[in-house]
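Q: Could you slot chain B onto chain A? The hints should help.
Chains as they are written, first to last, in the working numbering: chain A, 1 to 183; chain B, 1 to 183.
Any given hint could turn out to be false.
A pair counts as met if it fits within one copy or between any two copies, since identical chains are not told apart.
As the list claims (entries may be wrong) - Dumping the calculated DSBU-like pairs for lysine-lysine here, alpha-carbon to alpha-carbon at most 35 Å:
no.: 1; residue 1: K162; residue 2: K147
no.: 2; residue 1: K95; residue 2: K155
no.: 3; residue 1: K95; residue 2: K183
no.: 4; residue 1: K155; residue 2: K183
no.: 5; residue 1: K162; residue 2: K95
no.: 6; residue 1: K162; residue 2: K183
no.: 7; residue 1: K147; residue 2: K95
Hints listed in this document are in silico derivations from the structure and should not be mistaken for laboratory results.
Number of protein chains: 2
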Amino acid sequence: MKSLLRSMLAAMLLANAGYLMADSLADETYGTLVAADGTISLPDGFRQRWTHLGSWVVADSSAPGAGFHDVYTQPGAAQAYRANGEFADGTVLVKEIRALETGEKTTGMAQWAGETAVWFVMVRDTQGRFDSPHWGEGWGWALFEAKDPATNVSKSFEETCKGCHVPAQPSNWVFVEGYPTLK
Amino acid sequence: MKSLLRSMLAAMLLANAGYLMADSLADETYGTLVAADGTISLPDGFRQRWTHLGSWVVADSSAPGAGFHDVYTQPGAAQAYRANGEFADGTVLVKEIRALETGEKTTGMAQWAGETAVWFVMVRDTQGRFDSPHWGEGWGWALFEAKDPATNVSKSFEETCKGCHVPAQPSNWVFVEGYPTLK
Chain A
1 MKSLLRSMLA AMLLANAGYL MADSLADETY GTLVAADGTI SLPDGFRQRW THLGSWVVAD
61 SSAPGAGFHD VYTQPGAAQA YRANGEFADG TVLVKEIRAL ETGEKTTGMA QWAGETAVWF
121 VMVRDTQGRF DSPHWGEGWG WALFEAKDPA TNVSKSFEET CKGCHVPAQP SNWVFVEGYP
181 TLK
Chain B
1 MKSLLRSMLA AMLLANAGYL MADSLADETY GTLVAADGTI SLPDGFRQRW THLGSWVVAD
61 SSAPGAGFHD VYTQPGAAQA YRANGEFADG TVLVKEIRAL ETGEKTTGMA QWAGETAVWF
121 VMVRDTQGRF DSPHWGEGWG WALFEAKDPA TNVSKSFEET CKGCHVPAQP SNWVFVEGYP
181 TLK
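With the rest of the complex left out, here is chain A:
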């Protein structure tokens, strides 16, 4: 009986929390991850608490995006996209790129992710909030390295980020074909 009550209470709390989170996505993003001057911080705990949208593997070690890419967003942002087919204001995408490990497993020669190298971060801005080299095309753009996760080392979104994303312009600069969780 105690555990039934507990489960019911947990379900009620989660349902409320989910509603509140979705409702305050932009408030939370622009109150915490983005400073008043537009400086973007790397989110904390996204691997544990955010929704995993999908992964990419670029196996050619000489390619510009070599490594194992995992992409995460806030649970409320994924819900909003599934409901409306577009990225809501305040949506944050984190692409974590890790070293590519390879080896023979019982299921065949396998690839998996090792040490983290960098994180690319995109922040949805439908309001044109900032006049900054890190903001444009409806997004904020940042790059963090594992050796110093506190510092955005992107020169500007035009120089560091945009080039690779041009083919994804029709889907609002995001390669959604790799993210079945959005469908």
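A: This is chain B only, laid out in the frame that chain A set:
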């Protein structure tokens, strides 16, 4: 002010819900995903709400595990493993195996996940609850196909599952080297 109050309320609710979830992991698993006779069901919504532990890619299409593997667990189960270094009773692991898509991207030749093929499910049982061909070595084991997600098509854990997991026996039958989120 309203949004600040909302954020505070959401944080309080989430903190409570997280505590309650961790506390009732086994109650929830054995009350919902596992029936009284030990029948295992495929969890719902794990892509959206569970923690992504890691991915594997088996690119050789003739290999037994060919495809893109994504592995998920309950948030409370990942927390418990990080705290205690072992899988708590009621932990559920879902390995979703999808078709492997490949193509040239701006970051290099890339691989990503397409249509879902199957799901392997493991359920941690530290109590030896069931005398069943689908339960053994401290886990319940199941296999579901995308064409009929309601039916466990594993013949038995010895015939369908165990063989591939033998190298992972020292880490309680799970290939934890691919799951940095557990560290």
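Q: Confirm or reject each hint.
A: Here is what the structure says about each hint:
1. K162 / K147: Classified as within; 23 Å inside a copy, 40 Å across copies.
2. K95 / K155: Within one copy only: 18 Å inside, 39 Å across.
3. K95 / K183: both (19 Å within a copy, 19 Å between copies)
4. K155 / K183: Answer is both; intra-copy 33 Å and inter-copy 32 Å each pass.
5. K162 / K95: both (15 Å within a copy, 34 Å between copies)
6. K162 / K183: both (25 Å within a copy, 33 Å between copies)
7. K147 / K95: both (16 Å within a copy, 31 Å between copies)
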